[in-house]
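Residue numbers (this note's numbering), protein chains in the order written: chain A, 965 to 1375; chain B, 965 to 1375.
Bear in mind the hints are in silico, worked out from the structure with no lab data behind them.
A hint or two may mislead.
All copies of an identical chain are treated as equivalent in the list; a pair is satisfied when it fits inside any one copy or across any two copies.
[Said to hold, decoys possible] Cross-link-like lysine to aspartate or glutamate pairs, in silico, EDC-like; alpha carbons within 16 Å at most:
1. Lys1109 - Glu1178
2. Lys1062 - Glu1105
3. Lys1101 - Glu1138
4. Lys1307 - Glu1055
5. Lys1041 - Glu1273
6. Lys973 - Glu1197
7. Lys1154 - Glu1168
8. Lys973 - Glu1090
9. Lys1307 - Glu1234
10. Lys1216 - Glu1181
11. Lys1109 - Asp1242
12. Lys973 - Asp1365
All values derive from a computational prediction rather than experimental measurement.
Number of protein chains: 2
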Amino acid sequence: MRYSQLFGKTSRQVPKDETAVNAKLLLRGGFVDKLMAGSYSLMPLGLRVVKKIEQIIREEMNATGAQEILMPLLHPKSIWNETGRWETAREVMYQFKKGDREYALSFTHEEILLDLVRKHVQTYHEFPVKLYHFSTKFRNEPRAKSGVLRGREFLMKDLYSVHTSQEDLDKYYEEVADAYITVFERIGLKALKVEAAGGVFTKEHTHEFQVLSEAGEDEIIYCPGGDFAQNTEIATVKEGKQCDLGHGPLLKVKAIEVGNIFRFGTVYSEKMNVMFADRGGTRKPAFLGSYGIGLTRAMGAIVEIYHDERGIIWPAAVSPFDAHLVHVEDSGTEPWVKEAYDKLTKGGVEVLWDDRQVSAGEKFADCDLIGIPVRLVVSKKVGEGKVEWKERTSDKTTIVDLATAVKKLSS
Amino acid sequence: MRYSQLFGKTSRQVPKDETAVNAKLLLRGGFVDKLMAGSYSLMPLGLRVVKKIEQIIREEMNATGAQEILMPLLHPKSIWNETGRWETAREVMYQFKKGDREYALSFTHEEILLDLVRKHVQTYHEFPVKLYHFSTKFRNEPRAKSGVLRGREFLMKDLYSVHTSQEDLDKYYEEVADAYITVFERIGLKALKVEAAGGVFTKEHTHEFQVLSEAGEDEIIYCPGGDFAQNTEIATVKEGKQCDLGHGPLLKVKAIEVGNIFRFGTVYSEKMNVMFADRGGTRKPAFLGSYGIGLTRAMGAIVEIYHDERGIIWPAAVSPFDAHLVHVEDSGTEPWVKEAYDKLTKGGVEVLWDDRQVSAGEKFADCDLIGIPVRLVVSKKVGEGKVEWKERTSDKTTIVDLATAVKKLSS
Chain A
965 MRYSQLFGKT
975 SRQVPKDETA
985 VNAKLLLRGG
995 FVDKLMAGSY
1005 SLMPLGLRVV
1015 KKIEQIIREE
1025 MNATGAQEIL
1035 MPLLHPKSIW
1045 NETGRWETAR
1055 EVMYQFKKGD
1065 REYALSFTHE
1075 EILLDLVRKH
1085 VQTYHEFPVK
1095 LYHFSTKFRN
1105 EPRAKSGVLR
1115 GREFLMKDLY
1125 SVHTSQEDLD
1135 KYYEEVADAY
1145 ITVFERIGLK
1155 ALKVEAAGGV
1165 FTKEHTHEFQ
1175 VLSEAGEDEI
1185 IYCPGGDFAQ
1195 NTEIATVKEG
1205 KQCDLGHGPL
1215 LKVKAIEVGN
1225 IFRFGTVYSE
1235 KMNVMFADRG
1245 GTRKPAFLGS
1255 YGIGLTRAMG
1265 AIVEIYHDER
1275 GIIWPAAVSP
1285 FDAHLVHVED
1295 SGTEPWVKEA
1305 YDKLTKGGVE
1315 VLWDDRQVSA
1325 GEKFADCDLI
1335 GIPVRLVVSK
1345 KVGEGKVEWK
1355 ERTSDKTTIV
1365 DLATAVKKLS
1375 S
Chain B
965 MRYSQLFGKT
975 SRQVPKDETA
985 VNAKLLLRGG
995 FVDKLMAGSY
1005 SLMPLGLRVV
1015 KKIEQIIREE
1025 MNATGAQEIL
1035 MPLLHPKSIW
1045 NETGRWETAR
1055 EVMYQFKKGD
1065 REYALSFTHE
1075 EILLDLVRKH
1085 VQTYHEFPVK
1095 LYHFSTKFRN
1105 EPRAKSGVLR
1115 GREFLMKDLY
1125 SVHTSQEDLD
1135 KYYEEVADAY
1145 ITVFERIGLK
1155 ALKVEAAGGV
1165 FTKEHTHEFQ
1175 VLSEAGEDEI
1185 IYCPGGDFAQ
1195 NTEIATVKEG
1205 KQCDLGHGPL
1215 LKVKAIEVGN
1225 IFRFGTVYSE
1235 KMNVMFADRG
1245 GTRKPAFLGS
1255 YGIGLTRAMG
1265 AIVEIYHDER
1275 GIIWPAAVSP
1285 FDAHLVHVED
1295 SGTEPWVKEA
1305 YDKLTKGGVE
1315 VLWDDRQVSA
1325 GEKFADCDLI
1335 GIPVRLVVSK
1345 KVGEGKVEWK
1355 ERTSDKTTIV
1365 DLATAVKKLS
1375 S
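Excised from the complex, chain A in its bound form (with noise of 0.2 Å):
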């Protein structure tokens, strides 16, 4: 991709109304835009992120055996009524009426897929049910001040499981909190299991996943050791207090929640009779999990843990491109970049070549803001069949024959 043609450049004017790092450095970047507090658009450098986000989250949802669906954002208000939420959870939800019908915008789905579930599978043989779906979440924040980490609209997969015990319950969650480590280190995030309370979901303690930043909205007391989590909400113990297994104090952090998963059990299947008929023809309430994580959250988290005082620091598995190609406009030298784009462009390399008529100062600013892992530059002094590679993440560069430029990135 040419940067003379992407739509959403680079900004030096740091946004007024903005106090999150990661909403300053998205906006700055070129990677969202703001429409209002808490919703932002994906401009097409902020959408090639989240789709690989996106497409990690899709490989290890798959790998636990889940299947892709789409349901939708509009729900009537009787499957509201079904569970009570309509009520409990008004202040979350938005609700309106047209004409004479009344409606909710989805600010989670368990209603709408136990609605689905309830309708399509009966007996227990056709049971896990493990069903997933990338789609758009609306909840009311009356303060939306953390950019992406805290929408009134934003993007998450919602993994829903349904089964015929709780101990099949308890196996799968535990198979999905392993794959969300999973996730979150192919992403780049360092995330802690910790325990928590449910919010509007429910009463029972569940699990979220944390990544510890100063940025972050929520508190939690943990062991260094890593064999105790609490978020400070339902914390049991003391910052300081000796871990049991020898590990030393335990800390109290701020941290930026990426992921939850809840056992809700059978408390919305008895209310929505969604019920599964066992070996002797019995029918029973079914067992749900619920499992989200935040698209858009994610991105802002990577964004809070890997940047400097010069831009975004992307992972390569989510970075938006694989390298920068900056071409030093030296008279003669056209062809060259133009050889170094399209042998990278062939040999599978997903390239931003920044083609402007501006100082290599300025192109050399913009790599850093923009926080592509590698950047690559082409110019007279380089020599021509030659890159100059740099990783964002230090300041050494090294001249290298083009061919093994695209052997390194494209393995």
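For chain A, the structure is supplied; the task is to place chain B on it using the hints.
Below, chain B alone, put in the same frame as chain A:
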């Protein structure tokens, strides 16, 4: 994919509350589930079809130089007030208040797109801008009786282009019209480009892409020679009139609108102050074009065109799977079907494997209902290392080597 594992099986029951063929077959085949009138979940099979349509559209949009983004679905009242459509589109738009804020749901995205454009490009050399997204549209449909052809909520690709002159807009408008014909051809639809009224969108004439079908809600008058087509809403001529070019009498037929394209010119740009500086530095309003294809509607249109009394007949390009593998349960042939599945899958063929313990007759009926283009049977009679090849469009069966089947299906 093993059919025994797939969520969303076939059903013999004809849905009582549906009159449209597309809805009946998509529901019975396990492609969609109905949440309420005009709103459907995409089950795994249906999502696969929609994803294939989406990818074809993406490729053709990218080929015109357009870039993919993603815009929000929840919009502040203020942006709709800028063009006056908060009032003029009240009927079709879902609008509501939460706290002291008023919102609308996306029934289209011109205003949001123009807001992006005015914030990000200012000078003539940054134009044209060509941006599209795949996203959800919400429209208040009092009568939603045509299955997935007309929804309260549906998936759409909308492309917007912004230009510095009417000529440049006109040129791209024709380019998109050609791309649309290509998209429809690739997904199996023969679409006519038809002159039409602009509805709530514009007072100018626009173009619709219409697929001839008795299930359509539109009526068009057209010349069978292909040089003339108008929606009867605006038609200036009558059925039976001789075509000026000697192609015979004009025909009046029902049709399904699968796409539409609009030239708004500077109407909204003037209202929203979307300006560019020309070569001389003078600020002028920009020229807007808008181009939509309904993805879920396209799926419905395909079903209306391609079905028989036994079920759906998917064109290969949008079929949820390339082949439907059926095992006739003869003892000792278990390894044969496993081998067939593995070799096909390794060859890049997407296979739905009916591994259930039900009669061959039931499996064959399901093949016809689901409508995958090629059915492959493994049985003792067919023999080891071989499959019986039958196409959905024919009753002829032939025995072919497994290797030949892999080769034919993967090419």
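- Output the numbers, in ascending order, of every earlier hint that fails for this structure. 3, 4, 5, 6, 7, 9, 11 and 12
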